[in-house]
Amino acid sequence: MLIFEHSAKGRKTKIQSTSGNEMPTDIPASLLREEKPGLPEVSEMQAVRHYTSLSQKNFSIDTHFYPLGSCTMKHNPRVCNSLAMLPGFLSRHPLAPEKLSQGFMECMYELQEMLCDVTGMAGFSLAPMAGAQGEFAGIAMIRAYHDANGDTERKEILVPDAAHGTNPATATMCGYTVKEISTLANGDVDIDVLKEAVGPQTAGLMLTNPSTLGVFERRIEEIAKIIHDVGGLLYYDGANLNAILGKIRPGDMGFDVIHSNLHKTFSTPHGGGGPGSGAIGVAERLKPFMPMPGVKKVGDEFQWLTEEDCPHSIGRMSAFFGNPGVLLRAYIYMRLLGAEGMQRVGEFATLNANYMLTQLKARGFEAAIPDRYASHEFIITLKKQAKELNVSAMDFAKRLLDLGYHAPTTYFPLLVPECLLIEPTESEAKETLDGFIEALVQVQQEAETDADMLHNAPYTMPVNRLDEVRAAKQLDLAWTAESKA
Amino acid sequence: MPFVPHTEEEINEMLSVIGIDSIENLFDEIPAHLKIKGLEKVPAGLNEMSINRLMQQRAAKDGQPLCFIGAGSYDHHIPAAVWQITTRGEYYTAYTPYQAEASQGTLQLTYEFQSMMTALTGMDASNASLYDGATAMAEAVLMAVRSNRKSRSRKILVPRSVNPTYKHVTETIVKHQNIELVDVEIDNTTSKTSMDALKAFSGEDITAVVISQPNFFGTLEDVDAITTWAHENDIVVIAVVNPLSLAILKPPGVWGDSGADIAVGDGQPLGAPMSSGGPYYGIMTCKKAFVRQMPGRIVGRTVDQEGREGFVLTLQAREQHIRRSKATSNICTNQGLVVTASTIHMSLLGPEGLKQTALSCHANTQQLVEKLSTIDGVEIVFDQPRFHEAVIKVNKSAADVLAKLAEQNILGGLDLSADYPEMKDCILVCATELRIAEDIETFATALAAALK
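Chains as they are written, first to last, in my numbering: chain V, 1 to 485; chain E, 1001 to 1452.
Be aware that one or more of the hints could be misleading.
[Claimed, not checked] Example chain E residues on the side facing chain V (calculated, C-beta under 8 Å, incomplete):
#1 G1072
#2 Y1095
#3 M1116
#4 P1164
#5 T1165
#6 D1224
#7 T1228
#8 G1353
#9 E1379
#10 I1380
#11 V1381
[Said to hold, decoys possible] Which bits of chain E does chain V cover? Going by a derived footprint, with three or more residues having C-beta under 8 Å, they are:
#12 1001-1009
#13 1096-1102
#14 1146-1156
#15 1201-1211
#16 1229-1239
#17 1361-1375
I should point out that these hints are in silico values taken from the structure, not numbers from a laboratory. For each residue, glycine too, the CB sits at the ideal point set by N, CA and C.
With the rest of the complex left out, here is chain V (with noise of 0.2 Å):
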């Protein structure tokens, strides 16, 4: 039932919002709305209960394994909220004097510190917000190094077969064309591939170590020279920074800028989809170019980076700051963990990993790089059972949700027929992934004895397999007080 489906005309139980003022008389009345917008009118409660009981029908982090690959749903400690939402940090404007702004800015001045030390980067900015918009932010910035270089002829971005979708969308964004590179069968860059394509109009390569196939890029510093030698610069995606953190620095691989998904790493709400952060991490060579605004500190005061400091930066963002109340969690969970705790965020997350892969491996399932360790995921390959069970990876992933357990992500990455791309994260305790590995045995045995059983779940859910084809061709994407009649 929607919420709008509540609703009574008229009915006002609010105590919420201030009353008795009359529609003014200062406007004149062609700039006013005729009618009151068709929003729900419902009391306190039935919103509460409405909303309470929307949240049930959600798998979460705090109720659900969520082994989702490439998202690393770790937990989300609640001390990180908390203080994020203390009243003088959810009360300060974004334009508030630098004078009744330290406190806020000394948190952000220390959050960049500290990503620079765990990158390996010369500089970072926490403008971008998403991290879509610092993959925008840093091929922006790959791009103004090089115009600013008069090297206008670099037109084209390489992007490895493997990598997320928003790679060469955010290419194209910003106005170069894309090279896909292969991969080879063990996981890593066909190099041979890699030395036929660069050249003078490359500009840059974009990459994820460890890879979306979930092992280390073994021959990095080789494919760093390869970039570096034409003029081009190297991009990470810092999708899986989680594996490594820690351990190693994409700064010390060869990296010239870098984003760091704050919402995976350390450990922000995903929330439903967002809001995320994705600060990035530049070398020396690209600071001038950062978007801004970014916080500096001048003796004992924090003051902000703007234009006036760096004129060559490619600009604005987001209207103010990026999106500050996630950069707070990021800098509570950092302080947290401390030093020794990242170093411990990259070692279990890669234990947990794999334990989960030799386990599986052991109980029959194939993995699509059987030989190698993995990172801080893995992907399992269901062709097999495609072929012979005819069920699919999508059929095991609904089958897990009636299990109890939240799907890894399926169908991703594209190279790997009916994966299964499986991530763990450090916080996860041994018997959940033993637990875990147990269901997807079940889901197996199901497989091979019932195969349609598979085909038509889940069966506990709110509502079984929807008709995705209806959604995109009869559009309803809003509910109306006509629709209703």
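Start from chain V and add chain E according to the hints.
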């Protein structure tokens, strides 16, 4: 170990299953010389008590001043229930609803949100939100360029009465796609977009025009006349609106001859705290003909195998994970949690509550303007129909005056001279429903003293 639950015994068991001696073995593939010894700028970890103390001190430092600045971020009351429900773990810690059956809460809520946005704006369709108002304007420009098949110029008219930062952000995002943002002058006596300046473009190939209602100075634009003029010249109309103002102002869907084509704005006034500038969310709504060019997540209502109503992400063929380099945008998320808060906020206020809030903002601002106009050295610059912001001019340096007010813990407004050199010593002030008569009195007294 913070947030790592493993016991020694479990670690050993897991290592023996994998067949290795130490966790370090798992990193054998990484060249040894790349491994780091430790971190220098990350201090030792804090426990919950220590972090509490630290953050309480930092938050207290910033003083919670009495706020009379708006300029895109507004100090409104948010009902207690909004963030209490929003931060329930089921909303707070879920991700993008990839598994629709296990995400019906977020999906239905997003559908309700889209419905509320179309109701407020009078437009046909809404997406699940973009990052903020500024990026929503940038995406609207890209959408207009893709949609307006009659135009080849890729020229977008942006009046100087549109929030200047929104224009900067749009420039950053669209500049690599051969799109030109063309300034349109404002009438210096009213602050409204100059109709004469616009009409100079009649008959030219222009792709779109941006109209802000209210405009950056709080003044109400002649939206009907501009919309009709634009359509007569085959120009797509992009409205930038304050959603709260739409509780009383004419919605963009019915402006002029046939309404704006795309309406965007920042959702902050509907349930998001000012919070240093975010997270907020970008509103993105449009007319039917533009739906398939809309970027970002969109939720549709459909049925399951048994005919039960359910909700899914739809029109995904536009998106980057399928279209890759040919996608409508690289965006792959929305501002989900803020949208959750906003949807609950709108439900709690309802049409009448929202209207009363908007009316209070308007009434308080009129009171503020009246009060300030009685102070020696203060002049009301644009005395036009307005929503909840106004421009005053002081007879001393605006920067000095604002600094003096800040010393008394008052945010006296925004100095306009940085973006508008011709508006020397002009200050943009704002009063929401929270700035009651007592606050206005405090402000006026302090301002009078600062001008003495």
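Status of each hint after checking the structure:
1. G1072: holds, 5 Å
2. Y1095: Result: holds, 4 Å to nearest chain V Cβ.
3. M1116: holds, 6 Å
4. P1164: violated, 10 Å
5. T1165: holds, 5 Å
6. D1224: This interface hint holds because 7 Å falls under the 8 Å limit.
7. T1228: With a minimum Cβ separation of about 12 Å from chain V (threshold 8 Å), the hint on T1228/E is violated.
8. G1353: holds, 4 Å
9. E1379: violated, 19 Å
10. I1380: violated, 13 Å
11. V1381: violated, 17 Å
12. 1001-1009: Since 6 is at least three, the answer is holds.
13. 1096-1102: holds (count 7)
14. 1146-1156: violated (count 0)
15. 1201-1211: violated (count 0)
16. 1229-1239: This one is violated; 0 residues, fewer than the three required, reach chain V with a Cβ under 8 Å.
17. 1361-1375: holds (count 3)
Comparing the model with each earlier hint shows violations of hints 4, 7, 9, 10, 11, 14, 15 and 16; every other hint is respected.
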